[in-house]
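Asker: Chain by chain, the residues run as shown.
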Amino acid sequence: MKKFSIIAAIATLFTLLASLMASSACFFGWYQPEEPKTLKNK
Amino acid sequence: MPLRSKVIQNISSRLDLTEDQSEVVEYGYIAFTQILSTVLLVSVLGWLSGILWQSLVVLFLSSILRQFSGGAHASRPGICLLVGTSASLLFAFLAKLINRLGLSLAATAAIAAVCLVLSYVLVYKKAPVANPRKPISADKHKRMKKYSLITLTVYSTVASVLIILYGYTRNPNFAEYMFCILFGTIWQIFNLTLIGHRLLGKLDSVLNQILFRKGEKV
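As they're listed, the protein sequences go chains A and B. With the working numbering, letter number 37 in the first sequence gets 37, and the count goes up by one each step, no holes. With the working numbering, letter number 190 in the second sequence gets 232, and the count goes up by one each step, no holes.
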């Protein structure tokens, strides 16, 4: 159960970061990966 | 199987994520590793060179402005790490070097004014610069330009305060950090220009040939 919560927390963190990057004009650094379909035009 | 795929597969299977959800988590994972690796490498090399805070200021300020203004990109994460780290260290070192020249207050203020006015003009004309992998809609274009100008205004205000403090106290640290703000901004603005795109494109292809000629990724 505890391991599941940690993984869920990590997935939440990654999702938040993904949303933040999608709402910007580009990625944090000098490399722009392909944006997921569901985050396009955010 | 690469580490990234293993991590994402593990998270997806344990949380029973759909393909779309996995893609989003993977995008966030790339962002996380990119931020962490760049900050760690700049911190370690900056600390070893005695310019830790200066290089972090350059890195964060250029990256924050980049979030809203876009610009030239590297073709691989490894090249991105190399270019981002080198630029942050180089400009932090330059800020330290220029500060050691002991420029007068008037000269420091004049350099700052020229750089910031140029930055405003280029951001107003060019930002945001889209990428084939990250197209920007017309609505978002307006929003990003506005945010870029706001960010630039915050940087200009902090730089002006540092110049005033330098004038009053003659403490060289104020001028040094002002130059860090200036160089971080100019480096990002350079990424918006055509010449910046061409130069970084050339650098990218040279690094690709040197580092990845056997088709291996770092």
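Simulated from the structure, these hints should not be mistaken for lab results. One should not assume that every hint holds.
What the hints assert, rightly or not - From chain B, some residues computed to sit far from chain A (all C-beta separations above 10 Å):
1. L94
2. R142
3. A151
4. C157
5. I178
6. R255
Said to hold, decoys possible - If you want the footprint, here are the derived chain B segments under chain A, 3+ residues with CB under 8 Å:
7. 163-176
8. 202-215
A virtual CB, placed ideally from N, CA and C, is assigned to each residue, including glycine.
Asker: Is the listed coverage of the region 163-176 of chain B by chain A valid when you require three or more residues with a beta carbon under 8 Å from a beta carbon of that chain?
Answerer: Check passed, 7 qualifying residues.
Asker: Against chain A, does I178 (chain B) keep a CB gap of more than 10 Å to every residue?
Answerer: Label violated. Min Cβ-Cβ 6 Å, cutoff 10 Å.
Asker: So is the region 202-215 of chain B in contact with chain A by the C-beta rule, three or more residues under 8 Å, or is the coverage claim wrong?
Answerer: Since three or more residues must qualify, the claim that chain A covers the region 202-215 of chain B is violated, with 0 doing so at under 8 Å.
Asker: Is it the case that L94 (chain B) keeps its Cβ farther than 10 Å from each residue Cβ in chain A?
Answerer: 19 Å, holds
Asker: Evaluate the condition: distance from the CB of R142 (chain B) to the nearest CB of chain A exceeds 10 Å.
Answerer: 29 Å, holds
Asker: Beyond 10 Å from every Cβ of chain A: is that where the Cβ of R255 (chain B) lies?
Answerer: 19 Å, holds
Asker: Could you let me know if the closest chain A CB is still more than 10 Å away from the CB of C157 (chain B)?
Answerer: 21 Å, holds
Asker: Minimum C-beta separation from A151 (chain B) to chain A exceeding 10 Å: can you confirm that?
Answerer: For A151 (chain B), whose nearest Cβ neighbour in chain A is about 31 Å away, the distance exceeds 10 Å, so it holds.
Hint compliance for this structure: hints 5, 8 are not met, and every other hint is.
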